[in-house]
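There are 2 protein chains.
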Amino acid sequence: MERNILLTIEYDGSGFHGWQRQPQVRTVQGELEKVLTHICGIPVALNGTSRTDAGVHALGQRASFKGDFGIPADRIPLAVNNLLAGGASAQNGVGDVRIISAEEVPADFHARFSSRGKMYRYIIRNLPEVDIFKRHYCYQICQPLDLAAMKQAAEYIAGTHDFRCFQAAGGQERETTVRTIHSLSIQKVSENIIIEVSGDGFLYNMVRIIAGTLAEVGMGKKNPEDVIEIIESGDRQKAGHTAPPGGLYLIEVYY
Amino acid sequence: MERNILLTIEYDGSGFHGWQRQPQVRTVQGELEKVLTHICGIPVALNGTSRTDAGVHALGQRASFKGDFGIPADRIPLAVNNLLAGGASAQNGVGDVRIISAEEVPADFHARFSSRGKMYRYIIRNLPEVDIFKRHYCYQICQPLDLAAMKQAAEYIAGTHDFRCFQAAGGQERETTVRTIHSLSIQKVSENIIIEVSGDGFLYNMVRIIAGTLAEVGMGKKNPEDVIEIIESGDRQKAGHTAPPGGLYLIEVYY
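From first to last, the protein sequence lines are chains H and P.
For the first sequence, the working numbering gives the first residue as 1204, with consecutive numbering after it.
For the second sequence, the working numbering gives the first residue as 1204, with consecutive numbering after it.
Do not take every clue at face value.
A pair holds if it fits inside one copy or across any two, identical chains being indistinguishable in the list.
As the list claims (entries may be wrong) - For lysine-lysine, the following DSSO-like pairs were computed, each having C-alpha atoms within a straight-line distance of at most 27 Å: (1) Lys1337 x Lys1237; (2) Lys1441 x Lys1237; (3) Lys1391 x Lys1269; (4) Lys1269 x Lys1441; (5) Lys1441 x Lys1424.
Simulated from the structure, these hints should not be mistaken for lab results.
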């Protein structure tokens, strides 16, 4: 009987060319499919929720796959993780991708199409000196950032808008560029400015362009009110730069 | 006039094949010599204090070089760091090696031969679950470790001994394997067990073998008292495993 399995996955994106399977290069989907195919004894093709870019991390990526195979769902994580931690890419006995949980889901469930939304975190480290040991894991800005201005700008971004201005070229074709951001919070936690954004869907590079725009507001290159005009214009050129991938974490997928 | 410059250097060892220059592969010495040669306008050859292995980190590596060139010592760090942070290996705008300071030293000063000793730190992370984001930066042991037993074993290691038992094959020839460990402390700081060892010199892989031996004491595979016999035996086979490189940090060089 065909089963449908939903995985929750975490990975450090710094050693991957992104989520999506590609020939010749190491991707999260590619690595996981190889190991799952070995463990399940059938060819496994994953449907991931988010096609994260190279260098982007995930604490709660989701992916589902179907097939007729024997291993109980709750034994998949350990079986996969043991193989991954023993792989050539593991460092000091620890791999860079890990399955947190696996569960049986109904036949019509699809990790991407059944999703109601997602939550991402973007970490900006704001100290006068960079920390080379954190270079894969945050966006390091050495000049002081104006947190209050960033928070004000965030309020203009939250809500339902046409977010074309925050969309990079090169993504999939979309029917509409209108999205709803349910919440966009900015908090300072010790040296980090942590941006958390949840919404019903995100355009290509949208979170990183929002983070880059908020960073420019923090640096005083843009006023918080400029964001209103940027969104109204629908013009990518008016928005801020695309913040680097290492600061971005896919935290949660909502079903 | 020939000048003599002493550098203090930090690096994240995870992207390097160790300190020592080698053809074809990326090493810390090789990267720094390339950039320094460019900035000083003369061929620069570095004398590093410690030939750290692949994956080993440094917060306070030292290296000296001689030559007749113009740039003031205090302008070297920024010039080098800017080039490194713009290089192909930089991530999110931050490089993985950085010069902290540069100073003029007398002609007879040599970063290695003038050194009186060094301090290393070894970090063991001790929680039931691994953290994949820390896989390059610590040794992750999931079973509980007996800290009191490790501290007791450490007391037997400190002092002046023939440390042949803690020497891996493959290092340089040494006149003697007697060394003095001035202090060997073990502290629990949140989830990490931090081993700090300072001494007048260290044999090849000595700190990692000490860390592996202490870890085995913590796991109950060895008794603290076994360490006395291991040292007396001079037998590498009796000592513990070589702990992985990512947990090791060269902290300070004493002159």
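Evaluation of the provided hints:
no.	hint	result
1	Lys1337 x Lys1237	between (30 Å within a copy, 24 Å between copies)
2	Lys1441 x Lys1237	neither (43 Å within a copy, 39 Å between copies)
3	Lys1391 x Lys1269	neither (42 Å within a copy, 45 Å between copies)
4	Lys1269 x Lys1441	neither (44 Å within a copy, 50 Å between copies)
5	Lys1441 x Lys1424	within (12 Å within a copy, 63 Å between copies)
Going through the hint list in order, the structure does not satisfy hints 2, 3, 4.
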